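Undergrad: Using the sequences plus the hints, can you model the full thing?
Per the working numbering, the sequence shown starts with residue 671, numbered consecutively.
Since the hints were derived computationally from the structure, they do not count as laboratory data. In this text the structure is predicted, and so the values were computed from the model without any measurement. One thing to keep in mind: the hints can contain errors.
Below, computed lysine-lysine pairings styled on DSBU-like, alpha-carbon distance capped at 30 angstroms [unchecked claim]:
hint	residue 1	residue 2
1	Lys755	Lys674
2	Lys746	Lys706
3	Lys710	Lys755
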Amino acid sequence: SIYKPHLHVQYSFDNGFYVAARYRYEYTRYPNNAGKDDDKVNRGDAWAGFALGDWRTELNYVYARSSEGVSRNDNKPYSQEYNVKVAYKLDNNWSPYGEIGNVGVNDRSDRQTRFRVGVAYSF
Numbered sequence: 671s672i673y674k675p676h677l678h679v680q681y682s683f684d685n686g687f688y689v690a691a692r693y694r695y696e697y698t699r700y701p702n703n704a705g706k707d708d709d710k711v712n713r714g715d716a717w718a719g720f721a722l723g724d725w726r727t728e729l730n731y732v733y734a735r736s737s738e739g740v741s742r743n744d745n746k747p748y749s750q751e752y753n754v755k756v757a758y759k760l761d762n763n764w765s766p767y768g769e770i771g772n773v774g775v776n777d778r779s780d781r782q783t784r785f786r787v788g789v790a791y792s793f
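TA: Structure (structure tokens):
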């Protein structure tokens, strides 16, 4: 089971610039036969973005720290990732986007570039 309660705040300026932050506590509970301890993660996200008409661009930084004994990246209990996103608002509900990120991939120092494309639906 995974639980992810969070608190999100955002402020938007009149000129289209916005900043946002989120704190999220992630609790992953493994079955007794999994052979590993439950993972408890404190995660912080920060966004800075700019909206101009139907276009939006956004920078995102993520810092996550696991409970003791769990390695995330480079044999450290924390990891970081960086993302840049561009989205276009088709109408009041649909918004396709593309995102490029730099993320850690294992408990060593390896990192890789991640590409995402998708469509967000708002209601």
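Undergrad: Would you mind marking each hint as holding or not holding in the structure?
TA: Here is what the structure says about each hint:
The suggested pairing of Lys755 with Lys674 holds, with an alpha-carbon distance near 23 angstroms, which does not exceed 30 angstroms. With a C-alpha separation of about 18 angstroms, the suggested pairing of Lys746 with Lys706 holds against the 30 angstroms cut-off. A distance of roughly 28 angstroms separates the Cα atoms of Lys710 and Lys755; the hinted pair therefore holds under the 30 angstroms criterion.
No hint from the list above goes unmet by this structure.
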